[in-house]
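Q: Chains as they are written, first to last, in the working numbering: chain A, 4 to 409; chain G, 4 to 409.
Treat the hints with care, as some may be off.
As the list claims (entries may be wrong) - Okay, the calculated bits of chain G under chain A, using three or more residues with CB under 8 Å as the criterion: (1) 89-98; (2) 126-133; (3) 387-396.
Said to hold, decoys possible - Reference listing, derived: stretches of chain A covered by chain G, where coverage requires no fewer than 3 residues with Cβ under 8 Å from a Cβ of chain G: (4) 229-237; (5) 292-298; (6) 386-399.
Read the hints as simulated data drawn from the structure, not as lab findings. Given the structure is predicted, the values throughout are model-derived calculations rather than measurements. Glycine included, every Cβ here is placed at the ideal spot set by N, Cα and C.
Number of protein chains: 2
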Amino acid sequence: MTDVLLRGGLPWGLGAPADILVRDGRIARVIPRGRPPGPAAPAAETPRTPEAFGAPGAMVFDVEGQLILPGLVEAHCHLDKTLYGGPWVPHSADDTLADRIATDLGRRAELGVPSVARIGALLRQMSEAGTTHVRTHTDIDPAAGLRGVEAVREAAAGCHVDVRQVAFPQHGLLTNPGTAELLEEALKSGVEAVGGLDPAGIDRDPVRHLDLIFGLAGRYGTHLDLHLHDGGSLGGWELELIIERTKALGLGGKVAVSHAYALGQLDEAYQDRLVQGLAEADVAVVTAAVYNFPVPPIKKLRAAGVTVAVGHDGIRDLWGPYGSGDMLERAMHVAYRSTFRRDDDIELALEAATVGGARALGLDDYGLAPGDRADLVVVPAGSPAEAVVVHPGRTLVMKDGVVLHN
Amino acid sequence: MTDVLLRGGLPWGLGAPADILVRDGRIARVIPRGRPPGPAAPAAETPRTPEAFGAPGAMVFDVEGQLILPGLVEAHCHLDKTLYGGPWVPHSADDTLADRIATDLGRRAELGVPSVARIGALLRQMSEAGTTHVRTHTDIDPAAGLRGVEAVREAAAGCHVDVRQVAFPQHGLLTNPGTAELLEEALKSGVEAVGGLDPAGIDRDPVRHLDLIFGLAGRYGTHLDLHLHDGGSLGGWELELIIERTKALGLGGKVAVSHAYALGQLDEAYQDRLVQGLAEADVAVVTAAVYNFPVPPIKKLRAAGVTVAVGHDGIRDLWGPYGSGDMLERAMHVAYRSTFRRDDDIELALEAATVGGARALGLDDYGLAPGDRADLVVVPAGSPAEAVVVHPGRTLVMKDGVVLHN
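Whenever a hint applies, use it, and build me the whole structure from the sequences.
A: What follows is the structure, given as structure tokens:
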């Protein structure tokens, strides 16, 4: 495997330009400018040649003045549903959740969903935009069986993106007999997480719904990531149930709540209690900042130590036509809807799209330190806030030490 | 002036591919495919040569399958404040309106605001993205005088964008003695519209504030475009005052309310009454869909016949770092925040960014019909909704019959 030398970029958080040497898929060294590349070499005048780094055959990329980020983490999407890369499909559902579900069920066969080709097209687009890891919620129901899981696996095998699936009961769990057994089958087959969907609002029996999916996560040692659109006090109470179960089963660090609109709707005092509870139980919150729906209080969540991650939700599918697959653009939406204007606030959205996602997904060796996996993205921006606000095209994307786009 | 022939594009609303012949800055002919280009020529087999259109010297652009829009109209921005094209400036105000105003006043000298160079850079970017007309609110106060007006004029003179200014009392009108006289001076010098700012919430005397600016608009025969952030019942009541004055002075078609957050916050019945009042008085609503602020009910406004326009608000300035100058991207924000998923709904946002803006600004001969000014934008998209959602780079931009970007 060829060594790679990235010269003169600005590794996020380092505060100085540096050279990064990548070897065997890992970050081997990060040498801030001003320090000699080799242990015995003299300081300032040392030429930054591959030889000076002890890597004579290295491929060299000069990225002076550009920001270097760890790989972007898409923490919530629906690859299996996407129509990306195909012709424009006008949205056909009316403005109700029920009709969107019915349309989804009714038209997926006609449109060839899930499509390995469409999923692959989207994954390639994501990769070009610097996404190295994806968590995707894959529909599982008696009609579709595990076809979605298989399609995502097949597409992912042809792309340089680490794709992790959530077995997602989109069309009901308790209300759709046979689904629970299929979720278990998916987990047995290696799917990385179990999902859930509005245990009260959609599945009508929150306690049994949660007991079922938490039971599966506990038994199979998997992650759990639950869609919670239920708002107000109903959603708040369901968050209490989730916190209780996470603590009781010792699943801290492996549980995420996606959307969690209720957090953005409740009064300050109740919001504070829930944020505290999420922090204590180590339950992550995943937001997408879609449409006009409430965005959870990211600043407050982070101040309390809660992991916050971000994703697109649907991208160009029967649920809606929006989404590009670019996680810096998505981070912009999150920052914008959070009314973040200051650089350090905007940086919270970038953190959610990188380290926050990595924490929620349980990624090992993620980051910009020596020894971390060399999943790197170079952005022609001088600061993290500028990278989010402008989200310019990526200069270079590397996964496991291999330069994929440049 | 050289004739221009755009071949095979999809003029918005025509429902068929067509050839467009541009002559002397105007759309000379729009010939749907299938019809002969010349009056006497045979139908289908006629070659689409410039000669066949009676325009032997025409420049030819083949834009098969691409959408053709009239020039995009930026109906609300603040060119004079922009830092666009310069280095990234971290936002320095805290999260209050008062501190944003104080920061604006305190730092504009240090940062060289208004800057002819920055304004020019932004106008060129806007033009590249297909914007042909801009309404900009220019700060006028005793400290800055008319420097902003002059800077915008100087920058606009070097760009192929039709820029119309609003004399804007950003730092108070009644509360800032000397401002009213300067507004009048601006109108005398040819500024196209008079502005206002939260007559109650900021200027503390809504009746006198409104009487003053409506009086100026009436006397000088100008347009009026007022910032109204005041929310809830206060903002609703101010809308009533605006409707009353527009009717009493016969200023229908020349008055716009920008932001109008209150419209998105009031109960349905009151909202309906105000929408009806705006329609009767012919008062336009201009939205920017910024941050997390309420977006007016666009579908309801359009159904009632109210003109809806759209703009960026601030772009990269001391009020916030966001904004690109691309009106298709801005229309996407408007559609997204309006939870528009269906093509015909999304098209309402495009309408606001084109004909809605043209109507609000009082543009003559705007559109895609023969005789209209040849302000045209070609977008590599197969439908209006796709153009908004994806907002791909523009293939061609023409202003007054001259191809500016291609």
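Q: Indicate, hint by hint, whether the structure satisfies it.
A: Outcome of the hint check:
1. 89-98: holds (count 7)
2. 126-133: As far as the stretch 126-133 of chain G goes, the hint is violated, because 0 residues have Cβ atoms under 8 Å from chain A.
3. 387-396: holds (count 4)
4. 229-237: violated (count 0)
5. 292-298: holds (count 4)
6. 386-399: Contact hint for the stretch 386-399 of chain A vs chain G: holds, 5 residues under 8 Å.
Of the hints listed earlier, those the structure fails to meet are numbers 2 and 4, in rising order.
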